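Work from the hints to combine the two standalone chains into their complex.
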Amino acid sequence: MSRQHKSSTLASALASAVLLGSLAAGCTGNIDQGSASAPGSSGVGGSGTSPGGPGAGGAGMSACVGSTRLAQRIRPLNSAQYGNTIRAVFPDAGQLRSPFEVSDRSAEFSTNANLRRFDFDTSLGIMTNGQTVAEASLAQIKASFACLAQSADSNCSSELVKTLGRSLYRAPLSADQATKLSNLFEAGNKLAGPDAAIKLVVRALLSSPLFLFHRELGQPSAESGSANLTAHEIANAISFAVTNAPPDALLSQAADAGELSTPAKIREHALRLLGGERGLTGLQAFMTEFFRTRDFVKNDKDKTLFPLFDSETRSQALADFADTIAGVLRSSEPTLASLLTTRKFVVRPRTAALLGWSDLQNLSPDGSTVEASEQGRAGILTHPVFLANFAHANETNPVARGHFVTSNVLCVDIPPPPQAVKFPERTNANDGSPRTLRQVLQSEHSMGTCAGCHQFMDPVGYPFEVFDAVGKLRSTDNGLPIDASGSISGAGEIDGPVASAQEMLGKIAGSARAQDCFAERVYKYVAGVDASPTLECSTSSLKSRFREQQGNVLELVVGLLQSPEFLAREVVP
Amino acid sequence: MALAASSLLGGLVLRLDREAQGAVTSVPRFILYNHSNGLQNFHLNKSAVRSPTDFTLSGFMTHFEPFKQELTVAQNLFCTAGAHLHGNSSSGLSCTKRGAEISVEGIMEMVVGGPTIDQWIASRLGQSSRLRSLVLGHPFDVSYGNCAQGTISGRAKNEPVYPTLDPVKAHELIFGVQNQDEVLIQLQKSYLDFVKDDIQSFHAQLPGAERQKLEQYLESVREIERSLAGGVAGACPQIGAQEFTQKSEPDIQGELQNSNNPAFWRYMCDLGVAALQCGATQQLSMLHTYGCIHLMYEFDGVSRNHHFDVGHKDEEGTFMDKILGFHAEHVAYMYKKLKDVPEGAGTMADSLLMAWMSDGGGYHHGGNQAHSMIWLGKGNGRLQTGKWHRFVEAVGPNPAQYALGRAHVTTAQALGLELDDFGDGTDPCNGPLPGVLA
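Protein sequence lines, in the order shown, are assigned to chains P and Y. Each residue of the first sequence is one higher than the one before, counting from 0 in numbering that gives the first Met the number 0. Each residue of the second sequence is one higher than the one before, counting from 0 in numbering that gives the first Met the number 0.
Looking at chain Y on its own, in the form it has when it is part of the complex (with noise of 0.2 Å):
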């Protein structure tokens, strides 16, 4: 495969930077994961919960057994942007990490209106980092009608964030491209400057509400100076390249826009990981799908189409089973292997907080009001892990008590960062969910 970033630097080496290994110093650290069709409480409440702490896992959760004791599981978060025209998934899809938000300018389909969940933590802890936000993503074909703005992250009204869904673009942007030759570092110093000064002038000629169009150009590029610059400050792992690297980028789009790739999210996975642990980013979301996409799941027997056959129509859940069996594992991956890196007195998960979201509780038309969210971690000893919350079933007689702008004001907390109510104020949310912070 031509690299994206080598080729752009005309035959600069891609280099891993494993001489700048340094002492990585314990900083709160970030993980959201998505993925589409929900967390089912079809499938969640197949583990028996007899109290907060008293639940025993089946099912997918069964993924984090190992991990029992640092996790918190938060069911039944109302959503009223979830019930939003019919309660279709894509409608309020891009509100579930923004708390709520009933109208975007008058129409709700996943277009970012403000600053979503990931992105706000991002914004705050990820000052000093290399990368603010690093957000990866799985292929999938975004043309469905509703799928309208192609990502469910934002920095703020109208400022998305799109997925990097190339592997090795994703490698580049993490552990940097190496220049050998001062001549072409030079030359590539000249380029990048002009275009900086470029976009900055045209931008200053511009009305004031486009030169956000601006804003996001400027910013990328700036990302790329900033992964050409490259070197890495943790112990990083070795990522090597896969066999899907060396295809060409259509191909890869291409082939994954229908199937999802276990080899491919796994090494999407491993990358997110080295990012956080070699400290060129505090936040990582992982959005492996949402919304109204076709991806099947080929190989694990799920051929039918994850939109129209499994969001609309799998009534015994079969399919949504192995999706999220599929989707554990993969959380529990990641979390284990931070958790296997020695830091400080303990290891990087002990300042670990990781989110597992998806777009809602039920179908891709239904249940999208009551979302359920899987905590692992500790959040440097902020959460009160291994329990269990149930919260009263989606139109309970206070939703206001854990409506699913709580649950993002809890990530916060559990963060050590100051927040006290999210999202656009349509479900009132003052405070975190009650008895999940220690």
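This is chain P alone, in the form it adopts within the complex (with noise of 0.2 Å):
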């Protein structure tokens, strides 16, 4: 193994993650006849077929059926934009609470702008979190509008509001806004003087809908029916999916100044910020949902077999895998590829140690770059991280790992396990002889309607085989020798044998199908919307330029932010 310090870690921004748990662990029962006997496409293009097979609706073959564009609406932040967005106005907000943390959870991505909840419990949490930043940052507040300690000072008062307003609502403040927070203001300072009518106002200003929710509304466009995202939304949206944070004093000041109406200045503050400090954070945010790694340091293994996986190695192998895509994407080919097939990863020591790589001395805390040489060992796919995310306390799972590649890489679905499913406990065979778990599973799911699903999903997670519940290499199973082989279906032009994780990944990565369906994850995230109908009209010209950019996904980024299926919003009632 070669190594080399890295520059830079992104391990904060996977800091908080979650898994979510196996996805799909077994069947023994019966699979409704006909419409769910076999998976089929998300819709995704390619340029692949299976005619009549699983997955043939996708590989080119869906129609565009629909509008392109997304409606006018509200996005409601999620909890890190949340704590994001109060940090960048509030650096001394103290101990906050993350008020949608379970509302985040419970879409695909937590951007989705029709999941959100606002009940009691979260409206509790966004108001005592407005009372702990008034308390916190009134010290703050006060330096900066020292004027504030002349109470009778009403023009004080006002550009405070406008101020904390304009950071807070990531637009300028109507006349009518400005007017009602003086007027909070001034009611708190007769009743109890300024510091209470600066902690009112931004209590006030942490409760509004204006800073809870982005604005997607746009104003009336020449065009009949449409409307176009004004500066200020652009903006907003440019920052939080570049930074997951609201925009930067340039970004602010472009959009005050109308300066992002066009493709080029949309693109060049989107690459201004992709290579500022914080410029992969929407993105590291993005891979933490896409990989499910969100809950990964709560995922615990037998610590018999498994005594090193403590929390702290699962803390430095989180990190290990931030930094190893941010590694691919500030490299000279950040691509979906690369993604898939690097060899190079940030090991941290505790990593090193889990996966037995004795040969690495003096690797860095903050993590160092090496060459992994291991057979097999290539892409992210392959990272500790994921393997370990998608397997049991005690073993690996092949079905899960297959189920996440097929489903989310591939974009092939695959219907929810049928009734009175029973994942398949390891026995001997029926002479007694040991078994590898391939071959137990092989055995449950090659039967019956079980194969129905499980062949879509299985033999993509059997080259995995070769590396264990923790993500480490072996050679064998249960004192047998570990088949790597597996197969591709439902996928179209990649579908056939392959001989490792490898092989199949090389192939995964090289393949338009994967292209597209990264493309549309990528979309759903950033434009927040969950699968519709009119998904394929919105991503098609996307994909698109995603294939023949060869799949940079910092183009993919900004190509999605200019693209007039962003910018303009249908019309609603």
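Simulated from the structure, these hints should not be mistaken for laboratory data. Just so we're clear, the structure is a prediction, and the values are computed from it rather than from any experiment. Note that the Cβ used here is the ideal one computed from N, Cα and C, for glycine as well. Be a bit skeptical, because a hint or two may be false.
In silico lysine-lysine, DSS-like type, Cα no more than 30 Å apart, as pairs [unchecked claim]:
1. LYS141/P / LYS161/P
2. LYS471/P / LYS343/P
3. LYS195/Y / LYS189/P
4. LYS141/P / LYS189/P
5. LYS188/Y / LYS179/P
6. LYS343/P / LYS506/P
7. LYS336/Y / LYS321/Y
8. LYS161/P / LYS188/Y
9. LYS336/Y / LYS45/Y
10. LYS336/Y / LYS67/Y
11. LYS297/P / LYS343/P
12. LYS302/P / LYS321/Y
13. LYS471/P / LYS506/P
14. LYS195/Y / LYS141/P
15. LYS189/P / LYS179/P
16. LYS338/Y / LYS321/Y
17. LYS179/P / LYS45/Y
18. LYS188/Y / LYS189/P
19. LYS335/Y / LYS321/Y
20. LYS141/P / LYS188/Y
21. LYS67/Y / LYS45/Y
22. LYS386/Y / LYS45/Y
23. LYS321/Y / LYS297/P
24. LYS161/P / LYS195/Y
The following residues of chain Y were derived to be distant from chain P, with all beta-carbon distances above 12 Å [claimed, not checked]:
25. LYS45
26. VAL194
27. ILE238
28. ASP269
29. THR317
30. ASP320
31. GLY324
32. VAL340
33. PRO341
34. GLU342
35. GLN412
36. PRO427
37. GLY430
Covered stretches of chain Y (in silico footprint by chain P; criterion: 3 or more residues with CB under 8 Å from a CB of chain P, positions within the stretch not fixed) [as the list claims (entries may be wrong)]:
38. 159–172
39. 204–214
In structure tokens form, the structure reads like this:
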């Protein structure tokens, strides 16, 4: 293994992670005959075909029917955006609750515009945070607005509400909004003095829907039934997509000056932010949700079998995972293919120990970039975080690993498990001889209706069997040699047998299908949408561009932000 | 623990307004109790039912022995939605409280597609209550696959009602927070008035479909306002702080996501009973769990994963027997507490109706077209209690006669509410279940 120190760490971006649990465990019951007997395509385009078979609807055969534009809407901040926006304005905000934590997890992506709970608990959390921030930031605010010491200075209080409002609402206040906030300040001042008035205004701002929601309402355009996002709405979209935080000063100034009306200007600011210190934070947030690693640090394993897989190791591995992704995105080839095939892994000491990479010495506690030489270790899907995340506590889970790749990387729809499903227990063969887990699963899942779905998942998971439940390379399972061969089905152009994980990931990495699928996932995250009948229309241009740009992930995001499909909204009554 | 509303109010004191106690008129009250993985026939059938009025309670049902004459059991209530998507309980879950519902915008995965029976009842009973509805729950990991919406209660399509999971917040919601500082009261009023006005102003600027995103926020702000106003009218029991209320909210959520804590749930049940007793609400939903949860009952020896290991594999029923016993104990416990409260010439149980339901009748992925419902309480005499109805097995000759929607109609009519059918019409349900109402 060769080694070099990496230049930066993005570990914090993935510090709070969630595990979505095993996806598909197995089945022994009856699959509904007919419609669900085979998985279908989610509408991902591509160049291959499997007429009449699973996935036939994808591979370029889906028709685009419907509008390419999103509707006018408001979109709630997710937990990270909420916290980042508060801290961008109030660095001394104090310890905040996460009022959206539950609803963040209630959709595929936390940015989804339609799934957010504003129930009693959430609203109380918002209000409590407002109180916390107001108390903690009072000194900071008073220092910035020294004129408030003159309690009768209404110009000063007016300036206060406009400044704070501009930052928290992420757009200039209207005259009516400014007046209402100034009146609130005056009411508080009369009741209990300027300190109470400041806190009252801060609490009000942090409870306002103008703070809690992204606005994507636009202004009427020349085209009938269409509205173009305003400059401030565009600035907001750029900033949260790229940095997961509100616009910085330059972007805000550009919005104020009306300079974001051209794709070139949007591109200029998106690239500027991507090149900056926080530039990959938005993409890292996407990766965390895409790979379902939010709760990885809680993913405990059998301590007898995997004593090194403790919480500190998990934390280091998760930081490695984030840094490895960042390394690809910062490289000269920030492509999906690189992500799926890279051999450059950022490694910290505990991760190296977990993987048995004893030849690595003097690793930096902040991670060192190494060139993996292990057979089969190539790409982010061979990272221990992914492999351990999709594994049982005491053994691997090729079904879950295969399910993730099939459904999330290749966008082949797999129906949910059927009735009375049982996960096969590891048992010996009828003659008493031991079996590998693969042999057990093949025995259970190749029969009857189980094969209907498992033929698409399990053979994609089998090549990962060379990695154990924490991602360490192994050569045997239950004392028997590992069979690392597998096959891809239902994905059109790349269907067919593979000899190893490396070969399989190479095929996937170079496929139009994976590129289309990834583009669709990024769109769903950035645009905050879920599966819908119009998704194919909304993403067809994006997918084409992504393929033309050889799967450049950064260009994908920038292109999306520039696209007319994103910048114009359907006017709704 | 940093108390939510008290910290919100900056040092205000949480106070139970015991001086506000007063006479409570006899009013109908409804409790919906839900847990996951089924009121399974396998376990219900342990009780010998010789005729609707001649039955012997066995297994978990023995918890109801003291109330046998106030008990009504209905088995094999048919629900088409439960058979959808391979009988996956999570696929038809929200619909079990809707009667039936095949499709919600093409998908059917725990998305509330219309008013659920508890919220429909709340909208009728709760119009004059401080809290139209009180929904309490147990934290569990909602991140698994189909647990899309995080609740199975809803006022209307896309208007979910989420359970309150924090016992301290629940306490404040029921008993309120009394503000003893007039200046702080005025500041608080200014703040809440501003927030409400702000939401309403923004609401008016939005396209119609987007407005509902703010409506739930506005409603919850109003609920907070009411809870801060405090004041309870009934004879309130003393509900003291429990050990887990001394912990931070994230700790509580984290600890409870994977394992049931009997002390926690008992306390939530106490709070729910107190809310009814004190007149804070007339409709209570106790959503312990639902669907695809991973919760374990380690205190009772159920250390296997509730979803995969119990929901999928508990062929002998060993674990579900304990789980059902736990819930039967709590249903009976709540009922007894209200039965012990004098009201008018009788007790609060006289006007109470308590409905215990689950996600289905079978496993996580099976048997969910055959539900069961257990009622406790006389509903002011509208229910023929002391009866056990075993309707024809799952897909009998005429399932329309015992569609789940009819059970919901029965519940509503037993509370004196006008309702002839419920649900989206997938399962015909004109009128109540035969032979259940007096």
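Going through the hints against the structure:
{"no.": "1", "hint": "LYS141/P / LYS161/P", "in the structure": "15 Å, holds"}
{"no.": "2", "hint": "LYS471/P / LYS343/P", "in the structure": "16 Å, holds"}
{"no.": "3", "hint": "LYS195/Y / LYS189/P", "in the structure": "21 Å, holds"}
{"no.": "4", "hint": "LYS141/P / LYS189/P", "in the structure": "18 Å, holds"}
{"no.": "5", "hint": "LYS188/Y / LYS179/P", "in the structure": "15 Å, holds"}
{"no.": "6", "hint": "LYS343/P / LYS506/P", "in the structure": "19 Å, holds"}
{"no.": "7", "hint": "LYS336/Y / LYS321/Y", "in the structure": "22 Å, holds"}
{"no.": "8", "hint": "LYS161/P / LYS188/Y", "in the structure": "23 Å, holds"}
{"no.": "9", "hint": "LYS336/Y / LYS45/Y", "in the structure": "27 Å, holds"}
{"no.": "10", "hint": "LYS336/Y / LYS67/Y", "in the structure": "16 Å, holds"}
{"no.": "11", "hint": "LYS297/P / LYS343/P", "in the structure": "26 Å, holds"}
{"no.": "12", "hint": "LYS302/P / LYS321/Y", "in the structure": "28 Å, holds"}
{"no.": "13", "hint": "LYS471/P / LYS506/P", "in the structure": "23 Å, holds"}
{"no.": "14", "hint": "LYS195/Y / LYS141/P", "in the structure": "27 Å, holds"}
{"no.": "15", "hint": "LYS189/P / LYS179/P", "in the structure": "15 Å, holds"}
{"no.": "16", "hint": "LYS338/Y / LYS321/Y", "in the structure": "25 Å, holds"}
{"no.": "17", "hint": "LYS179/P / LYS45/Y", "in the structure": "66 Å, violated"}
{"no.": "18", "hint": "LYS188/Y / LYS189/P", "in the structure": "14 Å, holds"}
{"no.": "19", "hint": "LYS335/Y / LYS321/Y", "in the structure": "21 Å, holds"}
{"no.": "20", "hint": "LYS141/P / LYS188/Y", "in the structure": "24 Å, holds"}
{"no.": "21", "hint": "LYS67/Y / LYS45/Y", "in the structure": "16 Å, holds"}
{"no.": "22", "hint": "LYS386/Y / LYS45/Y", "in the structure": "16 Å, holds"}
{"no.": "23", "hint": "LYS321/Y / LYS297/P", "in the structure": "28 Å, holds"}
{"no.": "24", "hint": "LYS161/P / LYS195/Y", "in the structure": "20 Å, holds"}
{"no.": "25", "hint": "LYS45", "in the structure": "21 Å, holds"}
{"no.": "26", "hint": "VAL194", "in the structure": "5 Å, violated"}
{"no.": "27", "hint": "ILE238", "in the structure": "18 Å, holds"}
{"no.": "28", "hint": "ASP269", "in the structure": "19 Å, holds"}
{"no.": "29", "hint": "THR317", "in the structure": "16 Å, holds"}
{"no.": "30", "hint": "ASP320", "in the structure": "18 Å, holds"}
{"no.": "31", "hint": "GLY324", "in the structure": "23 Å, holds"}
{"no.": "32", "hint": "VAL340", "in the structure": "26 Å, holds"}
{"no.": "33", "hint": "PRO341", "in the structure": "31 Å, holds"}
{"no.": "34", "hint": "GLU342", "in the structure": "28 Å, holds"}
{"no.": "35", "hint": "GLN412", "in the structure": "30 Å, holds"}
{"no.": "36", "hint": "PRO427", "in the structure": "23 Å, holds"}
{"no.": "37", "hint": "GLY430", "in the structure": "31 Å, holds"}
{"no.": "38", "hint": "159–172", "in the structure": "holds (count 8)"}
{"no.": "39", "hint": "204–214", "in the structure": "holds (count 8)"}
Hint violations for this structure: numbers 17, 26, all remaining hints satisfied.
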